[in-house]
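Participant: Sequence:
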Amino acid sequence: MSEKQTSFSIKYWSEDDRPREKLVNKGRLALSDAELIAILIGSGNRTESAVGLSKRILATSSNNLSELGKQSVKDLMKFKGMGFVAHLFRIRKKKVQA
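Take the sequence shown: its position 78, counting from 1, is numbered 78 in the working numbering, and each next residue is one higher.
There could be a bad hint or two in this list.
What the hints assert, rightly or not - Quick list of in silico lysine-lysine cross-link-like pairs, DSS-like style, CA-CA up to 30 Å:
| id | residue 1 | residue 2 |
| --- | --- | --- |
| 1 | K11 | K26 |
| 2 | K70 | K55 |
| 3 | K55 | K80 |
| 4 | K80 | K70 |
| 5 | K22 | K11 |
| 6 | K70 | K22 |
| 7 | K22 | K80 |
| 8 | K55 | K78 |
| 9 | K11 | K55 |
| 10 | K55 | K26 |
| 11 | K22 | K55 |
| 12 | K55 | K74 |
| 13 | K22 | K78 |
| 14 | K11 | K78 |
| 15 | K80 | K11 |
It should be emphasised that the hints constitute simulated quantities derived from the structure, not laboratory data.
From a predicted model like this one, the values you see are computed outputs, not experimental measurements.
Work out the full structure, taking the sequences as your base and the hints as a guide.
Facilitator: Here it is in structure tokens:
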């Protein structure tokens, strides 16, 4: 199956702009919150990059990571591509409650 190049796919971005490479080359302080979340997500979906998805998710929490952490797994699952991250939040909340 051949892969179609899409403008939103991070793999077609300049290496300096890719979140993982930016983390390795410049350190965590050089990344935005959306880029850090994009690294956790790993990939976006068919219609947006991981960074685009992360920006949209952050916007629902007024771009506040603390508020984002308070969202329920159900709320996060509304975003296509958030299955893995929602699972991590579920694990984290269980540990905090224990």
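Participant: Next step is simple, just say for each hint if it's right about the structure.
Facilitator: Do the hints match the structure? See the list:
1. Taking the CA atoms of K11 and K26, the gap is about 18 Å. The hint holds against a cut of 30 Å.
2. In summary, the hint linking K70 to K55 is supported, as the alpha carbons are separated by about 17 Å, within the 30 Å threshold.
3. This hinted pair checks out: K55 and K80 have alpha carbons roughly 13 Å apart, not beyond 30 Å.
4. For the hint linking K80 to K70, the alpha-carbon distance of about 19 Å falls within 30 Å, and the restraint holds.
5. Taking the CA atoms of K22 and K11, the gap is about 13 Å. The hint holds against a cut of 30 Å.
6. Straight-line distance between C-alpha atoms of K70 and K22 comes to about 28 Å, which keeps the hinted pair within the 30 Å bound.
7. Restraint check for K22 and K80: satisfied, since their Cα atoms lie roughly 25 Å apart, inside the 30 Å limit.
8. Pair hint K55 plus K78 holds up; C-alpha atoms about 15 Å apart against a cutoff of 30 Å.
9. Distance check on the hinted pair: K11 and K55 sit about 18 Å apart at the alpha-carbon level, within 30 Å; holds.
10. Under the criterion of a C-alpha separation no larger than 30 Å, the hint pairing K55 with K26 is consistent with the structure, at around 21 Å.
11. For the given pair, K22 sits about 17 Å from K55 by alpha-carbon distance, which is consistent with the 30 Å threshold.
12. Taken as a hint, the K55 and K74 pair is honoured in the structure, with Cα atoms around 18 Å apart against an allowance of 30 Å.
13. The hinted pair formed by K22 and K78 meets the criterion: a straight-line CA distance of about 28 Å does not exceed 30 Å.
14. Taking the CA atoms of K11 and K78, the gap is about 25 Å. The hint holds against a cut of 30 Å.
15. For the given pair, K80 sits about 19 Å from K11 by alpha-carbon distance, which is consistent with the 30 Å threshold.
In summary, the structure agrees with every hint in the numbered list given earlier.
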